[in-house]
Amino acid sequence: MPRIEETALPGVGRRFDFDAEYGKRVGVITHRDGKREVFVASREDPDACGQAIVLTSEEAKAVADMLGGSTVTRQVTTLTKEVKGLALDWITLEDGSPFQGRPLGATMLRTHTGASIVAIVRQEKAIPAPGPEETLLQGDVLVVVGTPSGVLRAGNFLNGKPAL
Amino acid sequence: MEGVTISLGQLFLQIGTVILALALMGRFAGRIGLTPIPLYLIAGILMGQVMHLEGDAASFVSVGAEIGAILLLFMLGLEYTSRELEDNLRANRRIGLLDLALNFTPGVLAGLLLGFAPLACVLLGGVTYLTSSGIVSKVLADLGRFGNRETPVVLAVCVLEDVAMAFYLPVMAALLIGGTAWQMGGNLLVALGAFGLSFFMALRYGEVLSRLMNALSAEVLLLSTFGLVLAVAGLADIINVSAAIGAFLVGIALSGEVAERVRVLVEPLRDLFAAVFFVFFGLEMDVASLPDVLVPALLLTLVTSVTKFIVGWHGAAQAGVQTRGRIRAGVTLIPRGEFSILIAGLGAALTPVLGPLTAAYVLMTAILGPVLARFDGPLSRWVDRRPPA
Chain D
1 MPRIEETALP GVGRRFDFDA EYGKRVGVIT HRDGKREVFV ASREDPDACG
51 QAIVLTSEEA KAVADMLGGS TVTRQVTTLT KEVKGLALDW ITLEDGSPFQ
101 GRPLGATMLR THTGASIVAI VRQEKAIPAP GPEETLLQGD VLVVVGTPSG
151 VLRAGNFLNG KPAL
Chain H
1 MEGVTISLGQ LFLQIGTVIL ALALMGRFAG RIGLTPIPLY LIAGILMGQV
51 MHLEGDAASF VSVGAEIGAI LLLFMLGLEY TSRELEDNLR ANRRIGLLDL
101 ALNFTPGVLA GLLLGFAPLA CVLLGGVTYL TSSGIVSKVL ADLGRFGNRE
151 TPVVLAVCVL EDVAMAFYLP VMAALLIGGT AWQMGGNLLV ALGAFGLSFF
201 MALRYGEVLS RLMNALSAEV LLLSTFGLVL AVAGLADIIN VSAAIGAFLV
251 GIALSGEVAE RVRVLVEPLR DLFAAVFFVF FGLEMDVASL PDVLVPALLL
301 TLVTSVTKFI VGWHGAAQAG VQTRGRIRAG VTLIPRGEFS ILIAGLGAAL
351 TPVLGPLTAA YVLMTAILGP VLARFDGPLS RWVDRRPPA
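Quick note, the sequences are listed as chains D and H, same order. Position 75 of the first sequence, counted from 1, bears residue number 75 in full-length UniProt numbering, the numbering being contiguous throughout. Position 119 of the second sequence, counted from 1, bears residue number 119 in full-length UniProt numbering, the numbering being contiguous throughout.
Just chain H, same shape as in the assembly (with noise of 0.2 Å):
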């Protein structure tokens, strides 16, 4: 890539040109009622196909790819309190543990029978574990569904689906920068620690740098909130522990008034950057392999799509909601999204293949999922139907 320099314009033009395809994409999402995310996938395989970045033009895309990473997953933190995280944990977890058990596995045994190393199997288990949060919460706002009685059980899923991840994250970025047994143990060690202690601090002092971040100004606000996380996150890059974690506490520690505030500030600065990243999943996916795993991929949405319906069903059943209702968790669970594919971009350098099996897999519950929810009035007709087991 380097060597390679191109005028200041064509590096516009290049970089305009993608993101005016991304706009396309989104505005066509828009019309099919999908979210945007599994077609910026597309467009990013697409463009990989007909156009080549270079130089300043690629360094800019990958650059961007990183900072959408941990724009998502700061924004994901800023989220949820702290107080409805503890909530939560306390409330639900046994469908939690549920979740994780019957949906973590399958992933790991598909890497299994793959003939995956062991390392990518458990990214796999991840891929497969986490529904996509954005696309249920526009689900959900799409169909009016906020208040209906399976509701607060399908979001506290996925609440305790991203705390999860927020270990689980960490853990994976410490095993994967490798060396012996020792090393990585320390890494390991050092990793758990560090997201041990924020994760406190994060939930203790959150409130003093809440008071602290509060600048009156909207634009010091945004400069401030953008600077620590990236701050953050470089930290928690430079001792292993993922600068996407890192972004996260910082998201988990803002509350109250501020963390309104910079919501709606940092959000579009969210979606032009995921948007990036994404594509850049897209445009550095090994595509010849892509026809290779779409029969995997196939199998898998089907296997998980099952379970993660059976942690829905369940969960409602247990809140008391009727057949319908129930129908309407199972299926609104099933699609994964964007943490999926955070996870698979981990093992890239591991298991090539894993970023197209996470991008067909990903493409197929993200369409499958709510199209389901759309029907679930016929769905339940169908499973009356069928005699009492």
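If we strip away everything but chain D, and leave its shape as in the complex, we get (with noise of 0.2 Å):
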């Protein structure tokens, strides 16, 4: 993952860029109006825009589709934008973790926290609403939607550390 620096532009949105692996400044601008705007520093000058097209919010949802895998997140994280107490977070079985090779069911996060979790991502590849006998890897980013102290108690405890 490239370290990607996020930069206020008062009035206008915010610019999202990082030094891409081919030798260029690579960006995103999200207009407040919806807008987005995709740019290319220019080789002779890197602190220029070489190239820029606008496209349409339709326009870089379709984009993002075309590239994989970030429409998804991004529904969600407007979602917990919207509906205030709802908290989302993503959490990662670390090695050590006592549902390990378990299968999900058995967490019974529900009961202990008042959070669910929604989605699992293993290796890349997601899997939406996965039922009670889904066995849990050491590794995989589980989805976890509930209240904000829900969610982080689920974090804890899904690792098997001490409640707060």
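You can take every hint at face value.
Per the computed footprint, the stretches of chain D lying under chain H, defined by three or more beta-carbons under 8 Å from a beta-carbon of chain H, are: (1) 2-10; (2) 33-47.
So these bits of chain D aren't anywhere near chain H, every CB distance computed over 12 Å: (3) Ala62; (4) Gly85; (5) Leu86; (6) Pro98; (7) Ala106; (8) Val141; (9) Val151.
Hints are computed from structural coordinates only; laboratory data are not their basis. Computed from a predicted structure; not experimentally measured. The beta carbon of each residue, even a glycine, is placed where N, CA and C say it ideally should be.
Two independent chains are provided; combine them into the complex using the hints.
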């Protein structure tokens, strides 16, 4: 994962950019009206945009789909922004977790913390809405939804740490 | 003006002609890649020569101009969230102070040299200080420079200037009412108190207001926003805090989704009335004195272009940007525009020559800045060729 830098552009929106491996700075500007601008720095002047394309929010979604993956994340993050009292977190099942190799149902996470596992991300592949029989593996990233404190408790619980 | 009654037909014909002339100017501006603001000014000046608005048409245009000023400030307030303002004040204080010192002073000094009254000197300081954020964002958008490294600095300077103006306008409005030193002091205290209080309220309770205002129907939202802006502006004017600042604070207070929707709804209104505002300024101007102010305006343009350039250069250098980007930041900040004219309008009664001087100055900087901004490549080669100092 490249290190993404986020910069506020007052009155315009936000800029996210990173130094891409092929040698130029690449970034996305999210305009406040929903437009997205994708740009790549120019070779002789790394401070400037060499090329930029402006996408409508619909087009941006389509491009994200083509690139794969990230649409789910974005839709879920907008959800947390809009609904107060609802939190979402990505919890990695670390080595030494008591639930490693056990079915999801055995965690009884909802009973203990009130939070639910809505998806598992395993080696870049997503398992949405996993059933209770789904076996958890070390390194799994569990997408947990609940109240902010419930999600916090779930993080500790799943990795066998004492509750706060 | 009173006593002249004209038929509705004539009224519509006059106003329609004015607006059509503006549309023509706007189209021309678009073709040569400029913002229409300086051209509206020229249109107003020309119209003042060939046609004479009377009676109802004249009062419509002058009220329209006032509404234009209010909406300009309202949209400016809407442009920034209170969060952005706070972050910027904290992070970019030093460059903001440099900007203030370098660009306010030349105006004041020029005023003194021209023998202006002290208050008019301070007004001229405001005129030379404020970069036109409207022109800047148009230049950045047209040239596709939002992703450039120097752009955050450029925008930050604009934001800080706008904040400074929110403080400056009510102070000047209070001082311009005049009277004895005591009365002026009293006006000033009231103005600052009311400004401070409402600024605090806008930051603190903006969210509540935004939620209350967020009606589902676009029509209701438009009416309630426009009504609220006018009412607050009116109240502010009655207690001598400058109507425009009342509108600015309403803009700051609105945030989130409602701000987004209001922006789309009010923008056409703002464009219409702001155009009227610039035309009115041109119409009212004492054109006879325009030739006399050309040389001072030119000198002022040269000096303050250099001072703005230094601000941009310095800011970009601090952000780790190379020569070419520093040049871009410097020249992008040169144009002055809508708010310089707004400030000059305050002093129309005090020093009539301030109007023509500002008009000429705004025209020169508004053309020079965007043109230089386009040619950053040749400029940087020219700078790089010279031996390092």
